[in-house]
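Please model the entire structure based on the sequences and the hints provided.
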Amino acid sequence: MMTYQDTVAPTGVGGPILRCDGITKAFGGVNAVNGATFEVPRNKITALIGPNGAGKTTVVNLLSGAMKIDSGKVQLGTTDITNLERYKIARLGLMRTFQLSRELGGLTVLENLLVAPKVQAGESLFNIFFRPRLLKREERQNLERALDILQTYGLYDLRDNRARELSGGQKKLLEISRGVMAAPSLFLLDEPMAGVNPALIERIGGYILDMKAQGVTVLMIEHNLNVVERICDNVIVLAEGRTLATGTMKELRENKEVVTAYLGEIINAGPGH
Amino acid sequence: MAQFWFYVFTLVFFLFDYFILAMGLNIQYGETGILNFAYIGFVAIGAYVTGAVSLPNSVGTAQQYIFGFNMPFPFSLLAGGVASMLLAVVVAAITLRRLRTDYLAMVLISLSLVLYDVINNYVRLFNGADGLYNVPQPMAGVLHLTSNAFVVFFACVTGVISLIMWAGMSRITRSPLGRTFRAIRDDPDVASALGKGVFRYQLTSMLIGSFYAGIGGGLLIQFGGSFNPTAWLPGETFVVFAVIIVGGVGNNVGLLMGALLVETLLIHLPAFLPDIPGHPGLIEYIDAMVIGVMLMVMLWFRPQGIIPEKIRRFALPVGELLNRDGHSVEAPVEVASTVTSATSIGETHEGNQG
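These protein sequence lines are chains A and B, in that order. Mapped onto this note's numbering, the consecutive letters of the first sequence carry residue numbers 1 to 273. Mapped onto this note's numbering, the consecutive letters of the second sequence carry residue numbers 1 to 354.
The hints are simulated quantities; they were obtained by calculation from the structure and are not laboratory data. Treat the hints with care, as some may be off.
[Stated by the list, open to error] Footprint (simulated), chain A over chain B, 3 or more residues, beta carbon under 8 angstroms: (1) 30–42; (2) 176–188; (3) 197–210.
[Unchecked claim] Examples of chain A residues toward chain B, derived with CB under 10 angstroms: (4) G35; (5) L125; (6) E139.
Every residue gets a Cβ at the ideal spot worked out from N, C-alpha and C, and that includes glycine.
Okay, structure coming up:
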């Protein structure tokens, strides 16, 4: 039986899975990320929080290779991934979702998952024409795994629908399940709970805990502090492009700097934020 | 009567040849999203190289051209396909790494114009504006074919080649490679974030499409015996685009339908009609207008084409329907109960394998 962890890319053992050392990124005269330094502990769920404009999404873009880092260093396990090409970073096991769901609209829900495994024998012209059995076997394994994941995420009945036909919440689920199908060792989730109903927030929270149970490390940007408190082991606070503090949510609530920069606003805004 | 069959099989030839050309453009544009406005340049290179390798050495002839190997069919045709692929490597290296969508299209159309001018003016390459002519008709000597019989023969050969190429293309588009092409078409950033080296796949798609373009071009010159710059004005690219847009982007059967409607019925059938008295060449202009209007109507009212891209459904593993259907997970999963849902993945795997 192939387990989920069998497919997780090796990124070194022990120690943090990701080290981010003084990374910077400027857009024109604006320093969006200004020396952010943090570590993401292995096999934990870590939240990246901070006020709007703190540079959270830019950090995710820099870590995943979607943008070039101006200075600083990023290490995934034992590998230096600073400014490595995006697809090479993904092949090392770092997957991401986007703030606004980006489904592959012309593909069916099932195809969105089937395309996700990083390296497939069926993507080689030689194998297509000369090794059909290998293709068939690989495709069957991927199909079974994709159907398992779709069932877990409640998308099984929608498998033959084009992804562009899904609702906003379903697209969120599809994007997360597609990342899971790619068997990441580190999964970056950019606001997975944004714009979804409370029941779905519960479900997504459950799926994230499932990932952790199966050996995936998660780094998620999240504004919903209830969720952060309930499922995250560790929190990184970003403000003005810098790491303001790290620790558990409980520790951060006692940190004056953090309360002033971020938590204070939310506490004052009332519950549910 | 012989004349009638000559016309019919000429139309059959163009149907199958444009089917091949449409498949080549479709894998690039319809499957991978590369807006290749230089496509006709790849067709031309295929035609010229096929012609130049089929012809004898140019010394002592009225034409000037490179190669002149007296290469027999089908090797001459394959040489055309390979030459077109080599051009694709150069074009991809210039364009695909840095450019996307409309900018890519603009650079490609510019490259097509540059290629056109070079071939038109550098006479020693492929005989300049006169183009290549007297290209030997494949197998005509061996089989002692009259020119009418050659048309029937070569239309049938082209039909067989197009069917083989259709089978090859279907295999590619149905494979995981085809799926990755479509993922890149839908969102190259997402494909890249999933670990797909977008440039590598786009290059693969360009190579496959260019091979089809080269073969289609090679067949054109071997059928007609000549090829010159008037046959591949840059605007001709849009005829192939019209074929795939009218027929159905992303659907091989649709492409055959597009080739039948646009290339065979609208372009080549009217060429056999007598001129309108007092207006020589008017039919050709009306033709171009009809194609333009047809393209606009299709894009406005049925952008997916006559036979749209099919939804790809997968045959489920044995027992799959019994195991799962009617058991879709719709109930909210409580955060506290996640260990149960995590273990269910492994259980279902075992169930399937049994």
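Status of the hints after comparison with the structure:
For the region 30–42 of chain B, the assignment as covered by chain A is violated, since 0 residues bring a beta-carbon within under 8 angstroms of that chain's beta-carbons and 3 are needed. Counting residues of the region 176–188 of chain B whose CB lies closer than 8 angstroms to any CB of chain A gives 9, which reaches the minimum of 3, so the coverage claim holds. Only when three residues or more bring their CB closer than 8 angstroms to a CB of chain A does the claim for the region 197–210 of chain B stand; here the count is 5, and the claim holds. For G35 (chain A), the interface hint is violated, since its Cβ never comes within 10 angstroms of a Cβ in chain B; the closest pair sits about 25 angstroms apart.
Restraint check, L125 (chain A) versus chain B: the minimum CB separation of about 7 angstroms is within 10 angstroms; hint holds. For E139 (chain A), the interface hint holds, the least distance from its beta-carbon to any beta-carbon of chain B being 7 angstroms, beneath 10 angstroms.
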